[in-house]
Amino acid sequence: MLEIKNLHARVNPEEGADLAILKGVDLTVPAGEVHAVMGPNGCGKSTLSYVLAGHEGYETTDGAIRFEGEDIGELEPEERAARGLFLSFQYPVEIPGVPTLTFLKEAANAQRRARGEAEISAPDFMKLARENAAKLGISNDMLKRPVNVGFSGGEKKRMEIFQALMLAPRFLILDETDSGLDIDALKVVAEGVNALRNPERGMLVITHYQRLLDHLKPDVVHVMAGGRIVESGGPELAHKLEAEGYDKYAGEAA
Amino acid sequence: MNALVKLSAFEAALAEALPEGDLRAELSARGLPHRRVEDWKWSDLRTALARFDPASPALTLTASRSPDRTAEPEHGERLMARLAGALGQGEVYELAPGERLSLDIRAEAGAGHKVIEVIVPDGAEAALHETYQAAPGALANIALVIRVGAGARLTRLIEQDASPDGVIVLTGELELAQGARAHQTTLGFGARLARLETRVRHAGGGAHLTLDGACHVGAGLHLDQTTIVRHEGPDGITRELFKSAAAPGGRAVFQGKIHVERPAQKTDAQMNHRALLLGEGAEIDAKPELEIYADDVVCAHGNALGALDAAALFYMRQRGLDDARARALLTESFLMEPLDAVADEAERERLKARLRASLGAVS
Ligand SMILES: Nc1ncnc2c1ncn2[C@@H]1O[C@H](COP(=O)(O)OP(=O)(O)O)[C@@H](O)[C@H]1O
Ligand SMILES: [Mg+2]
Chain A
1 MLEIKNLHAR VNPEEGADLA ILKGVDLTVP AGEVHAVMGP NGCGKSTLSY
51 VLAGHEGYET TDGAIRFEGE DIGELEPEER AARGLFLSFQ YPVEIPGVPT
101 LTFLKEAANA QRRARGEAEI SAPDFMKLAR ENAAKLGISN DMLKRPVNVG
151 FSGGEKKRME IFQALMLAPR FLILDETDSG LDIDALKVVA EGVNALRNPE
201 RGMLVITHYQ RLLDHLKPDV VHVMAGGRIV ESGGPELAHK LEAEGYDKYA
251 GEAA
Chain B
1 MNALVKLSAF EAALAEALPE GDLRAELSAR GLPHRRVEDW KWSDLRTALA
51 RFDPASPALT LTASRSPDRT AEPEHGERLM ARLAGALGQG EVYELAPGER
101 LSLDIRAEAG AGHKVIEVIV PDGAEAALHE TYQAAPGALA NIALVIRVGA
151 GARLTRLIEQ DASPDGVIVL TGELELAQGA RAHQTTLGFG ARLARLETRV
201 RHAGGGAHLT LDGACHVGAG LHLDQTTIVR HEGPDGITRE LFKSAAAPGG
251 RAVFQGKIHV ERPAQKTDAQ MNHRALLLGE GAEIDAKPEL EIYADDVVCA
301 HGNALGALDA AALFYMRQRG LDDARARALL TESFLMEPLD AVADEAERER
351 LKARLRASLG AVS
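Chains as they are written, first to last, in the numbering used here: chain A, 1 to 254; chain B, 1 to 363.
Treat the hints as calculated values from the structure; they're not laboratory data. Computed from a prediction, not measured in an experiment: that's the story for all the values here. Mixed in with the good hints there might be a few duds.
[What the hints assert, rightly or not] Counterexamples of contact, computed for chain B against chain A with all Cβ distances above 12 Å: (1) Val-37; (2) Thr-226; (3) Pro-248; (4) Pro-263; (5) Tyr-293.
[What the hints assert, rightly or not] In silico DSBU-like cross-links for lysine-lysine, where the CA-CA straight-line distance does not exceed 30 Å: (6) A:Lys-187 / A:Lys-135; (7) A:Lys-187 / A:Lys-217; (8) A:Lys-127 / B:Lys-352; (9) B:Lys-352 / A:Lys-105; (10) A:Lys-144 / B:Lys-352.
Virtual Cβ for every residue (Gly too), placed ideally from N, Cα, C.
Build out the structure end to end from the sequences listed, making use of the hints.
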């Protein structure tokens, strides 16, 4: 479903720095599977998620990203979103003055229009919002606030998953969705994510900790270091990393 | 007076139309305000009008009712206001308590001048709604004197429609008597040059003034909002909030001055201007000034200039909004604050819808 081949990317030189971050990422996530990416701070995990989502701040210098057989490397972020790519941000952005539901309804309908589908009606959207909010323990009051404004770190992560439920993407990238969540919130969020699992949907779960993975039960765990995937294995790899840390991969950073 | 400048054909024709006297001599010697005149330095009216033809003016004023008098009203000291007085007709409206007066002003051709005086009697509550537009090649030069009586309340709404290749000069003078309240809100879109000047005198003490404005200036357009607030009596309150957004090729100007005279003790004045550049080639100039001669006052001003938040734009696009729509939504949320303060809900929603439409059309 998602095929990343020999992906090299650097900070867009227009941003001032000329810094290579991704140095040959190879990763394939078939439909229906959940893959985890673990790795030390600064190894390029968030950069990978941004590059997949089409962030202009990074430039792909080599390699390819194929999504459902299509090369999406040159597509705009919104075109990738319309194809079903959803990124749960490590640091969700606050957008003052734009109410969450207004924003999401507009996003949902923009995606639908881009796909040639009928727009969702206001009542249907509201009904869906109420159902999904209930699943994640999100209050009415939270939904009325501007996007991410005034939320704690954990609440923001919860809202990201709420957005995922509302937009029902084909592929989810979760970038450290577990950080900032206490044990109870983690369970609620993990249940929300698990509810999205189905044979047509893929997920890439970026995390430092195995506790989220205990809930999500990934099919494959990858270790990222120095801008590449350096090892892949089953769920047991996450436990091993938790116990041993990333020291043995330190050499890969060169 | 000797001629100091070479007059444009437009200025020469204007001078020609004036009767002999000081005003004609002044115009002949100095021409119209231009960039070397301090408070017009960012709005070169001379140049904007140089190729205009003042002949066969067509200026229409559509009012919600006929004026009380058509006698010659007052027009203040400003050059453009004096020109309006000398070359245009005058109308006086004395508002009844509870009245909502609307004045729709359109310059269709040539140089149109008008002087309007609006009186809000002591203790009355009234609303004034003005709309300004100028067709290509046309000038609307309007002088408006508004007297808000003791304890009276005025809600003033100014809409300045996008007028490409037209020029609008509005010189508004508000006089606030003891304990008067005035809340003015401007929504502007610019013109070849639009100058919306608001001069306020806190003549009596204890008046409460709110001056708010939002503008979205598209490519090739220019909007200048200039406010001069003079606290003469004590215990006056002034609150100003102006938000400007300029698209590439558009230019917004904010000049704000608050002047507190010695007797105006306990004045409480705050002026804020926030500006948003919507891309390369957008220009926003701002000059907030406080001039304070009283010692027991609270006065503050703020001015900030920024661009759209790139992280927010990416976030919105990741969710599926295209770049233009994401920009429009962010700009809208930036500009809404002054409009949110409009008390009348129907008016508020109408203004917001206008702003939204403008943001959807130009980015
Ligand atoms: N826009 C940028 N400008 C400069 N350096 C960047 C930028 N984005 C990422 N980096 C650097 O690239 C490296 C990888 O960052 P990131 O992808 O955020 O790592 P991770 O998510 O794995 O912690 C870090 O050293 C980070 O400082
Ligand atoms: Mg990261």
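Unsatisfied constraints (hint numbers, rising): none
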